[in-house]
Every structure is written in C-alpha cells, then in structure tokens.
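8 protein chains.
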Amino acid sequence: MLFAQEDKLVLIGDSITDCGRKRPYGEGRNDAYGTGYVSAINALLQSTYPELKLRLINTGISGNTVRDLQDRWETDVLDLKPDWVSIMIGINDVWRQFDQPQITESHVYLEEYRDTLEALIQVTKPQVKGIILMTPFYIEPNPEDAMRQAMDQYGQVIKEAAAKHGTVLIDVQAALEPLLAHRYPAALAWDRVHPDLTGHMAIARAFLEGVGFSWNGAAR
Amino acid sequence: MLFAQEDKLVLIGDSITDCGRKRPYGEGRNDAYGTGYVSAINALLQSTYPELKLRLINTGISGNTVRDLQDRWETDVLDLKPDWVSIMIGINDVWRQFDQPQITESHVYLEEYRDTLEALIQVTKPQVKGIILMTPFYIEPNPEDAMRQAMDQYGQVIKEAAAKHGTVLIDVQAALEPLLAHRYPAALAWDRVHPDLTGHMAIARAFLEGVGFSWNGAAR
Amino acid sequence: MLFAQEDKLVLIGDSITDCGRKRPYGEGRNDAYGTGYVSAINALLQSTYPELKLRLINTGISGNTVRDLQDRWETDVLDLKPDWVSIMIGINDVWRQFDQPQITESHVYLEEYRDTLEALIQVTKPQVKGIILMTPFYIEPNPEDAMRQAMDQYGQVIKEAAAKHGTVLIDVQAALEPLLAHRYPAALAWDRVHPDLTGHMAIARAFLEGVGFSWNGAAR
Amino acid sequence: MLFAQEDKLVLIGDSITDCGRKRPYGEGRNDAYGTGYVSAINALLQSTYPELKLRLINTGISGNTVRDLQDRWETDVLDLKPDWVSIMIGINDVWRQFDQPQITESHVYLEEYRDTLEALIQVTKPQVKGIILMTPFYIEPNPEDAMRQAMDQYGQVIKEAAAKHGTVLIDVQAALEPLLAHRYPAALAWDRVHPDLTGHMAIARAFLEGVGFSWNGAAR
Amino acid sequence: MLFAQEDKLVLIGDSITDCGRKRPYGEGRNDAYGTGYVSAINALLQSTYPELKLRLINTGISGNTVRDLQDRWETDVLDLKPDWVSIMIGINDVWRQFDQPQITESHVYLEEYRDTLEALIQVTKPQVKGIILMTPFYIEPNPEDAMRQAMDQYGQVIKEAAAKHGTVLIDVQAALEPLLAHRYPAALAWDRVHPDLTGHMAIARAFLEGVGFSWNGAAR
Amino acid sequence: MLFAQEDKLVLIGDSITDCGRKRPYGEGRNDAYGTGYVSAINALLQSTYPELKLRLINTGISGNTVRDLQDRWETDVLDLKPDWVSIMIGINDVWRQFDQPQITESHVYLEEYRDTLEALIQVTKPQVKGIILMTPFYIEPNPEDAMRQAMDQYGQVIKEAAAKHGTVLIDVQAALEPLLAHRYPAALAWDRVHPDLTGHMAIARAFLEGVGFSWNGAAR
Amino acid sequence: MLFAQEDKLVLIGDSITDCGRKRPYGEGRNDAYGTGYVSAINALLQSTYPELKLRLINTGISGNTVRDLQDRWETDVLDLKPDWVSIMIGINDVWRQFDQPQITESHVYLEEYRDTLEALIQVTKPQVKGIILMTPFYIEPNPEDAMRQAMDQYGQVIKEAAAKHGTVLIDVQAALEPLLAHRYPAALAWDRVHPDLTGHMAIARAFLEGVGFSWNGAAR
Amino acid sequence: MLFAQEDKLVLIGDSITDCGRKRPYGEGRNDAYGTGYVSAINALLQSTYPELKLRLINTGISGNTVRDLQDRWETDVLDLKPDWVSIMIGINDVWRQFDQPQITESHVYLEEYRDTLEALIQVTKPQVKGIILMTPFYIEPNPEDAMRQAMDQYGQVIKEAAAKHGTVLIDVQAALEPLLAHRYPAALAWDRVHPDLTGHMAIARAFLEGVGFSWNGAAR
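Listed in order, the protein sequences are those of chains A, B, C, D, E, F, G and H.
Just so you know, full-length UniProt numbering puts the end of the first sequence at 220, numbered straight through with nothing missing.
Just so you know, full-length UniProt numbering puts the end of the second sequence at 220, numbered straight through with nothing missing.
Just so you know, full-length UniProt numbering puts the end of the third sequence at 220, numbered straight through with nothing missing.
Just so you know, full-length UniProt numbering puts the end of the fourth sequence at 220, numbered straight through with nothing missing.
Just so you know, full-length UniProt numbering puts the end of the fifth sequence at 220, numbered straight through with nothing missing.
Just so you know, full-length UniProt numbering puts the end of the sixth sequence at 220, numbered straight through with nothing missing.
Just so you know, full-length UniProt numbering puts the end of the seventh sequence at 220, numbered straight through with nothing missing.
Just so you know, full-length UniProt numbering puts the end of the eighth sequence at 220, numbered straight through with nothing missing.
Certain hints may be false.
[Unchecked claim] Which residues of chain H face chain G? A few of them, derived with a C-beta cut under 10 Å, are:
#1 ARG29
#2 ALA43
#3 LEU44
#4 ALA181
#5 ARG183
#6 ALA187
#7 TRP190
#8 MET201
#9 ILE203
#10 ALA204
#11 VAL211
#12 SER214
Calculated directly from the structure, the hints in this document are not laboratory data.
Beta carbons are placed, not taken as given, at the ideal position from N, Cα and C, and that holds for glycine.
Pulled out of the complex, with its shape left as it was, chain A reads as follows (with noise of 0.2 Å):
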C-alpha cells in the first residue's frame, strides 16, 4: 500500500467530503471523520492496518468550488504538513450552472476550474509525498444529460491532471457505474449528488484500491 508508517493524509473537497466533519480539523473521536466515505476510507483503513498509525485529517467544506479550496489552501492543506493530499473538487462548479442558471457569479467555467487546480497540484507537489486526484461525479446513468456531460468535461481536467503529474487517479464516476446498473438513482441519492452511505462505500472502495489497500491487510 502506499502509505507508510505514521504517515498523514488530508482529504480536501466540498459537501461530500465533508459530512459534518468536526472543525477546524476533521479528526480525533467519535464522528469527527463526518460520516461519507471520508470516514469509511479512515474505518476500514485503521481496523485493517492498526499498526500503521496513520492520521486522516478532513477538509472538506460544504458547497465549495476549487475556487474556495483555493482562497484557503494555506490554512486547510499545506499547514498541516500532510504527507497526502486527496482532492475531490468540482461538483459545486458545475451544478450552480446547472440549479441557479442566472446567478453566474457562483459559477465556476473549465478554465478557471483547470488553471487553479494546475495552480493548487503545483504548489503542494515539492512538499508532499504524493496527491491523489479524484473526480467529481454525478449520480446519472444517462450520457447525453447536460450536465452529467458537463461534469465528464471536469473529470477528464482530473484525469489529464493526473496523467501530467503522476499523480494517483480515483475515478469516482466509473466506480460508481456498477450500482447505477442495479440501482435507480433516486435510490443512491434523491438529488443525484449526495449519495447514502452505500455510494459513499463505492467512492471509499475505489479510492482504496487506488492506494494499494488490501482486504485483509496482507501486500503491505
């Protein structure tokens, strides 16, 4: 697996990354995770590596875009020294195009979206050990909605971003293509972004395997 002994890992992004994480900082007891795949991923990897002692800090914060990931970067990700950095941004950039079409300053276009997260992957890359890139996602099976469409065009931001810095890639929109072929979207998440904790189990289940966990913690 990838991470290391004692090694530390700080997940940033928006409302599903948060969760109703503890703050300033999510993490210490009880639900200070939140309770998304954030928590799942930090579950499953403390009960299967306890040895390992790792640290998982979630900064995620409702409703943000990149752009608001960017205005506290200093505070929320390079502070904390992390040894990791996980980053799922994106959703928020495209939806307020898409739920409140006249109110265009909330909005978030490509450009802006790939020249700050290329800004962001910058400037954390030397002082990290590595980060992992994964992307927004909306829970619609059908391709030629507009904006399931329109947040394939962010995904693939990530996926280039990722295949231009060598970063680990979580690819959240596949990985949650195997439940939408069994379950109606309305089952996931009424609002096809908010996923119950079964959507949030795929999302952790896809970000383990992009870091090498193992089930039952062998392959260390």
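Chain A is fixed; fit chains B, C, D, E, F, G and H onto it per the hints.
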C-alpha cells in the same frame, strides 16, 4: 457468499446494533440503518453485490438484554419473515452486574442468558435459512479483568449454541484483538463498550468474513 | 369558470399537495393552505374572483399513495361534503419502487393504482358537482428514464379514468414540459419531485386553465 | 413585456417585500424570495416566460422606512447593477406615527419621505433601464380613517414621483380595492398591513399588469 | 364594594380573559392569572383590599365562543362553586364571520349567542351571589364599520341580559372609547382585538368601577 | 398631577424595574415595559390620562447596584433627555452583603451608595423638571431582621436625599406594609424581593399617589 | 452504623428530597439521586463504606404533601421492599397555608398531617427493619415568624411520632441552626426553603450522625 | 485545620475540577461550584465550619492540560489573590496520548509537565499561604495497564514537587483504591476518568483529610 438473490436479513441486538437506527424498523434511505456495524455491513454488501438486491433490517434497541429480545421477538424478528437472523446480545446482561451491582433485578445471569437464547434459536431455526450468532464483547485487553472474564463466559455460551445448532458464528471479541494490540482501549471506546467507526468496521469485517463476503464481489 | 358562487373544493394528494398545510384541514388564515400549488390556486382564485367566495380545503398528506387516500377518503373527502374534488396521486406509488426497491410492501403497482382510483371515483361521483383528476409527474425530461416511463404509465391511468368518467383532466406532466425546455431539472427540484414555487405555479396555471379561470376575472 | 432576455430586477422595500427572504440577498433555491408578492411575481414570470431567464433579487427588510433604504442603497441596490429597480416603501414611515405616536424619532414625515425618495431616484435613474414605483397601502376601506388618509398622502408622493420621472407606477392601494369590496379587512390581514397570500397575489397581479405581463406568455 | 370577605370570583371568557393563564385553573403564584385584565383586577383588588382575602380564578381560553363556554361550564364554572361569575364572550363569535367568512361552521350567530348565554345565566344564577356580564368589544372607532356594528349587536344582547337578570353590567366597549379619542387603534392593538396593557387596564378600571372598587380602599 | 402634556419620564433601577423590559430601551408595543411596576404605572397613566400623551421609558437592569447605574447614566438617562427621572436602587447593594457575604467586591456599602447617588442627582437635577426617588425595600415584616435593618438604612439615605434636593419621594417600603399586615411574605415573593403583580401594583399605587395621579383622571 | 450489608433504604419526601432525581426511581448512575441531601448521603455512605454495598432509592417528588405520599405509598415505598424507610415531609403542608392562603384545598392542616403520618408508619413498621423520621424545616431564624412557628408544630408531630414508635429521629431544623448563626437565610436559600448544597450537606450530616455513620468508616 | 478565618482558596484543574462551574469564576449561589469534588468540599467546609467564612473559587476548565493552566495562570489564579491554591492537573496530558495517539500536538509529555508545573509553583509560592497539590488519577485497578502506569508517573511528579516545595499533597489515586477494592471501575465511571458523586466524594474526603478537616468541626 451465504446470501442469495433478494434474501432478507434481520439484525437484532443492543446499542451496538441500534446506533440510532430508524423506528420502528431500521431500513430505508439515509441513516435508517444507524451509524454502526449494521450500516457498514449494508453499505459494503450493497456496493459490492448490487445485483443481489439484499434487504437488511436493523432491529437493535439500546440497553437491551436477552430478556428484552424475548419480549419483542415476535414483532421484531418473526413477523418480518427474514431469511437470515443475526443476533448480538449479552453486553448489557453482563454490564449491569458491574456498573450497578446493587440493582440486581437489572442483571441477567448466565443461566437465564443461555436458556433464553436457546428458546429463541429453537423457535426461529425452522423458519429461516440460517442464524448468525455474534459473541458479545468487551474492549478490555486484560484477560484477568472481572468484566472481561464474565463477557468471555457469555461469549462461550454463544459459541456453544452456534456449535450445537450449526449456525454461523462471528467471534467479535476475537475480531477486536488485533486492534487492541496497537491501540489503547480508550482510543476505540471511552467506555470500552461503544466503539468508534473503526471498531464497528472491525466487527463488520468479521461478520462479512463469516458469511463469505468477497472484497471484489468475486466467488459468489 | 367551472366554480360557482360559494362552491367548496377539496384538494387531496401527497406532499406536492400537502406542502405544510394546517391540520386537520388545510384552510383558514395565513399559511393554512401550505406553500404549494393549492396555496397558489387559492390566492389566484380569491384575488381574481373575490365575489365568488369560494372555499378551498387542502387535505394532502406527504408520502401518501392511492392506498393511503382510500384509507382516509371518508373523513378527508366525503365528510367535508365538497362540490368539487381534485386528486393528484401516484408519485409515491411509483417512487418507492425506485428509491427503495427491496421494500416491496411500500410499492403500489399499476393494477392496484387503477382499481383503487376507480373505486374512489365511483363512490364520489354521485355526491359532487365534478371531479378534477391531475396526473402525477416526474421532473425528468429524458423519456427513456425508467422512473419517468413508469410515471407516464400512471399518468395514462389518470387520463383514461378522466375520459371514462368525463372528469376534468389536468395534465401536470405536460404543463411542466415548457419549463424543462429552458431549465435543467435541478433548477426546479433537486430531487426531481418537489419543485420550487415556479414549478408549483406552473401546476397551478395548468389547473386554472383546466377549470376556465380568466386572468382578469372576465368570462365567468 | 418590459423585461428583456436575462434582465436583472432588484425589488427593495419593507416587510411586505421581505417576507422572510434569504440573507444577504433574496434569490436562489426554495424560499429564497420570501413568501410574499416578490415570490409570486418570480414564480409567475419564470413559469410563464422560462425562455427569458430573468433574474430577480429581493432586498426588502422588515420594518424599514425610506430612511433605512437610503442607508443601504449602495450595497443593496446599486452594487447589484440591476437593469430594473422596484421600490415599495412608506408603510412604516406612516405606521409608526400611529402605533407609537410618542416615539417621534421613529416617524418619517411627508417631506423627508418625498426628499429621500427623490434623491434615491436621481442617483439610480442613470444607471438602470427603468424604475418601478409601488405605492404603499393600508388595508382599510374607510377613506375617513386617519391612517388611511396619511397613507394616501404618501401614495400621492409616489404617484407624483412616477409622473415626474416617467417611471412605471403600480398603484397597490387601488389594486386591493376590489378585494375590500368583498372581504372584510381582517380576512386579508389581522393588522391591516400584512396580507395573506391572496393579498400578496393581488399586489403581484397589479405589478405584472404594470409591466405588460401576459398570462399565457404571448405578446412578449 | 360588592365583594365580601373571602369571596370567590371566577372569570371566564376568550383570549382577552386567558392571556396565558395557568392550566387547568388560573390562580396561584406569579403569572398564574395571565397578563391581561384579570391579572390587573386581581392585583388592584389584592393590593387595595388585602384584608378581604378575595380569591379570583381565571378560566378564559383563547379562541372560545359562547358555544365553547357551554361545553365546559360545568367543570370550569359550577364545579368551582364561585360566589361571583364574570363573563366576557362574543368576540370570536363575531370575528370568525369576518376573518373566515367561508368557514361557516365556525360562526356563532346572534340567536345562538343569545340563547346560549341565557341558558348559562339561568343555570348559574341560583348558585351564586351575582353575575358580572361584560360586553364584547372591537377597537374600531368608526361606527359604520361592519364588524364594529356586529359587535355592538352582540354587546346589546349582553346589555339586555344584564337588565333582564339584574346582573352587574360592564360596558367594555364604552370604557375603551376615551382611549380611542386620543390614540389610533393600532396603538392599542395591531389587530383591533388584543390590546396592550393600557387597553387591559381600561377594561380592569371599568370592571372595578362596576363593582364599587375604591382606589384608596375606602367606602367598603 | 405632576406630569404635563407630552412629558417624558425615564425610570431606572434594578430587576424590580427591569422585569424583562425591551432592549435597549423599554418602551413601545406589547411587553416593552416589562411586567412590573413600570408597566403598571404606564398602563394606569395612559388609560386614565390618554390626552396627555406621556412617554415612559424603562431602563432598569436586573442585578444593578448604584455603582452600575453610574456606569450607564450618560446613555441610559441623560442622553434620553427626560423631563422626569425616577430612580429605585439599593436592593442589590444590600442583598449581596447577605447572600454572598464572602464576595466582598460585589458589596456596595452605605457611604458609596450615598455618595454615588448624590453625584447622580447633582448632574441630573439641572437638566430635568424633577426627580422621583423611590426607597429600596425588603418584604420582611420583622424590624429586627438584619437585612431589613440594612435596607432601612439605605432607604433613609433616599429619604434624606429627597429632602435635601426637594425631589418627589416614594416610600416603597411603607407602601408594602399594609400588604404585610394581611399576607405572609412568601405570598408576595418567595425570595422576599421580587413580588408578584400584587406587590408591583402596590408600588405603582404609591408612585402614582406621589405624583398626584387621580383614579378618575380628574384634578389634572 | 445502623445499616447492614446490602441493606436497601428508600428515602421519600418533597422537593428537598427530589432535587431532580431520575424517574420512576432515583437510583443508578450519574445524577440519578438528584442534587440534594439524598445524593450527598449516598456519596458519603458509598465512599466510606464501599464494602457494605448499600442500596439507596430516592422517591421524593417536588410539591408533595403527606397527602400525596399516602396516595403513592404502595408503589413508591412498600413495593420496593426496603429494609429502611426515611421520610421528610411537611414543608408544603405548611407552605401552601402561607403562600396561597386562599387556595384552602391545597392546605394540609395539623390533624390530617398527624393522622396520615401515623397511618403510614403503622402500615410500614411491620415490613421494615426501621423507619427514619426527619423533621420538616424552615430556614428562618426568627422564632416569632408565623410560618416558622407552624413548621415547628409540624416538626413536633414528627418528634412525637418518632418517640411513640421508637424510630430514628433526625431533627433537621436543629441541624440548620448552627449555619443560621453565621449566615443570613438568603445565603442558604433565597426562598428559605430550598437550600444550596451547603444546607443539604448539613441535612446529610445530621442524617448520617443519626444512623451512626463514622467519617473514617470505623466503628461499623 | 489549615484554613483560617476568611481565607480564600482557588481550585484549578481540568474537567474533574470544572464539573459545570459558573463562568468566569466558579463561586456564588446554587451550582456555581459545579457538581464535583470542589462543590462537595465547599459544602462540607461551609456546613462544618460556618464561622470561618471561607471563600472558595473554582477555576477548573474541562479538557485542560498543564499547558493550558500556564496560559491562564495570571487571570485565573494570581489575579484572584488567593491565600491557598489547589491544583489537580495531568489527566488530559496523559489521556490524549492514549485516546488520540496520532494527534501528537495534543500530548503533553512528562518533561513538559514537570517543568511547567515547577514554573507555576515557583511564581505562586511567594504570593500565597500554601499550595495543595493533588495527583492526577485513573480509575483502573490493574497496575499493569499502560495508561495507569503513565498516570502513576505523572502522579510521581506531583509527589516529588510536593516534597521539594513542602506543599500539601493529596494522593487522589490512593484515595480511590478502597473503592476499587469493592466496586468495578464502570460503577464509578464509564470512561474510568469522570467519576460519579461517590468518586468525587472520595476525592473530597482525601482533600479534607489532607487539610486537617474534622467531621464534627472540632480540633480547629
């Protein structure tokens, strides 16, 4: 894996099972399954085997002893016509003897525990595909500890019942041992009973291993 | 317009009708009619035809299916001795099949839907001046979507019943189409079911058009 | 209709405008526009002319007089760069003279009302496509009533300002008269100031008529 | 003064009497008497005639009509074995006809009002030292106002009943006239029904004058 | 009566004056004056002399001593430009010496009380028509009681100041004596300090008598 | 000490005993015993004689008189099969005569008090090892005070009953005297009835002295 | 006893000391001292030695380590000018190492603990009559337990500091041993840290014994 297409599984128990589940039955959307091992099991099963369309129902109630389970066995287990029944009970049966020793009417001693459990298994077995017995546990690594010793006795009753009736057995106490080798009890549960999600995930992993779950959904 | 001096109109349905109306009956001062299409219809009728002194009563209840309507038809419709009855039901009958597919006892399939509706119409028709049937709807523009297809089938039942019994028919699904031509579903309703007031106003306008409402109160 | 493709309209005023809108600006999803005439106007405009993609922003604040509007005109009107500005103010300017006559510092007398309004119009006019002036009102049919007489004087100021500056004029008091011909004031508003949705809808209808709204979206 | 040593006085009515009194009976410490005229009467009587040790019990209930009084007359008046009974009822009997004209089942028309009151007086009179009848009122100075005219009719019923049965009569409407000569109705009560403490004190003063109260406790 | 047309009266003090008044200033609608003697005085003055249009402002604050009054004298008295100022202070100055004898920094001893009061009177007198000094009180009939004796000393300071400066004097302690002749202290105030409305009414009556109030509004 | 290994002691009374204890029975973890003398007694007994494993149950209820005790004696005392019963009652029996003198049905006069107590003792004595009678008290040092004199009479009834039946007697009033020699009543209890923990501790100390408690656990 | 007439004692610490005390300083009426050992000590001292008029101030804050004490030593100890200072700190310094081992910045290791304590004692000693050092504790009877062993080391630091500076020493851990001989830890504290009142009373008794308290107030 043990569970077949569209199987229905009822999981009954105390606060470890309950974890804030929905009333009257713990199933449905969002946090209907609570925030403990039942929720983790459901999320892992549904995200890994979406095609099986399994149905899990959480009927745990905080503070219950086996005496309480007997009182509500008809409505909370049999009436639901499950294919499988999972039982984790005994922690409060023991705990009350230690945290309120003078209130003896709240204690369920070993013989009553064994006899009641036997009665529940006998009435249930003919009506289901199988029963899953989970040992009660105590997050105390010291084997000389009085309450840990008592809990082990109650766990032994579960093991003997599983052997006698040929049920699935989940040794929860054993599943928590690796964690206790690397973490102090207080890091799992301030009261050594109610673990954080890492502890619940260890329970869920033991359960899933016991029913033949495969991390990648293979070998079904 | 269909409604005459001092006519009494009962509007029954699910959460789209309910919208937080007063209990036990949704009429009176302030927000007694809820915040949805019933409230908009009442406000438009009363402000445009104040001289008619119409009386509207909202008896919608969130989560209801046609099965629930049948259970309370006596007290919530017939006992109120209405001149007109408006019915919009079916969304939950369909939705539960998609958002909790395993909980089959919560599903109301097409045949039960049709038969129950027929029974309600038959008992009601002799006692009122007229019935207004509103199709259920789903804010999903893709005609291939599975839930949209199911909803269209239930809507077809409504259309056939309206034709058979000669009732007023409000095609709510059709009324929402123009909006969906210019707005993404998420801009009307995050869950594609509960619209904002713009969506409710579109429903209200379709209803009023169906009953011969005139914007300037003329042609009465 | 007056409003063109993607026009932005700011509506400012007192509690009649506010009605529980979102802070700091009343626009967006759900009940962001409050529950009064602004919300009704928005819903009727958006559902009838979805292709125009108009943007409405509610900046009313309960209890405001024209003196308060002046204090926040920069941030709550001009900074938003509206195409159109709608103003309904004056009720509290008058009401305080009648419900707390001794607290004279809370009164805004006619001259201050006229001068402040004039100043606001002059600074705004060059920056927008047009201004919509709405008269304040009092739900009291008796023309001899002292507060009604005062309100009519303030309404007269609005009418004169509209004539002088060639703005759109909405005579709200006149729009409520037909209702008062058939309903007692207490049926519209217990305090003769805050109407129920029927009263707000009458205001909305007057507004829409004033801006050339067509019920069927024609004549655009 | 009418009241003698240790007399017990029950005051029944609607919200004007209730004013948040204690349940089931409004007497005892602190704000048990509510915050209206009953409380003021009690405080003035007890502070001026402490040696009389009078006992007042408030049994008003908000929203009540004379129909409601009849339903609870046994428990809330007769069972308390009062020496004196004070009745102020009729405001809601009239108001509902004006604020929800369509909900006719909530109206109590003049004949029912007169007959019910007569029945209550007849059953009560033989069991008490005396009855105090208070007219209902409406804080509206315009004698042409429709609701004020109706209220005056109901007040007339009270006056006739007082004359017929020789009870004490408190003309509350008349007692409020001097205030209305100097204050606008909104300064006494936004809804012209529920006055502030100044209005309640005017009622209390009329009541006390009617029973021979002396400001300095003299002439007892 | 002392007060003339449109006079403004500020009443300052501790919890007996405060009684839950509105912040920052206790005047306006409903319970803005609190629920104590200030509210009773206002209601009796306004209902008896409506034509005077007096303005009362309650600026009492619970727990205050004369030391606290001095700290806020500028903003809570002088800035309001009153015609009359009423002061009732001293209860907490004494009480703290008896209920928390060890916390000596909370005590205000006699000399500081006298000197501070003198300073307040001197700065205020030239700016107002008159000052009304009310003695602090203790609802304890036993003249030997230590706290009653202390309170009497503080009351004596008030009497001497009133005599020296020729202000109106309200002997509140004396006004309560007749009540204590017939009621046990606990029937007026469980803590012998905060009376029920009967006690507050006795204070109000003493105040009104002191300013020449006439129960029937005569002799003005 | 009187209490032997595993003895069970029920303590019944009014608010002094209750102090927010758990319902239906005041025993168990945390603040189950309330925050008064019962809690102090339990903590001192359990921390000093842990080996005795005593069981205390608090069944006090605020506001109770001896009449209320009689109503619930079966369920709240006898059904619990105590070895010892402690009774402190009478404060409310007296207090109501002083704080609500007119509400005579709430008074329990001396004879009823004596007779009811006698009946309770007679039914209880044969079923227990012993009864502990505690005098009611009033935190008023003045022996001439009317309520103190009444309380002393009720206390005298307790003393006579203790002598007659040979029970343990705790003279609570006497136990508080030393405190009153150095502290003003208000420093113990603003209402002279509900003491702070210092007062409760004085009661607990008197109780423990009465049952032969030894501070260092010796002499058992 | 150590404490003389009117001595002032400040007790500082963590949640064991805090127990919900009043802010900013824990002294005064009712539950100002919290619900733990400080409250018990105050009640026992004040009820046994009322003539000493001692003054206790609780400045404990939940979650504090010695590092936190140092930050607020000026305002929460020295500024209060105490005669005596009692310190119980160290539990969180140790606990964080065990319940959140990865969050190392929350740990206070032995050396920092010793040095900080030494600094606090040195600055304080010249300004007070005496210091009372209380060992931190852990309600775990197993001497091999890792956290108990750590706590004993921190306790040893306290003992050495007490010996070095000649302060009073309260060995809290030792005081709890007799309880643990008869009660299981869970009966004192579910988390083995926050005891019920029995545990707090054992601490209070140890403290009082250490300062020469006599149960019957003798030997002063």
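So, going through the hints one by one against the coordinates:
no.	hint	verdict
1	ARG29	6 Å, holds
2	ALA43	4 Å, holds
3	LEU44	6 Å, holds
4	ALA181	7 Å, holds
5	ARG183	6 Å, holds
6	ALA187	8 Å, holds
7	TRP190	8 Å, holds
8	MET201	4 Å, holds
9	ILE203	9 Å, holds
10	ALA204	9 Å, holds
11	VAL211	14 Å, violated
12	SER214	8 Å, holds
Of the hints listed earlier, the one the structure fails to meet is number 11.
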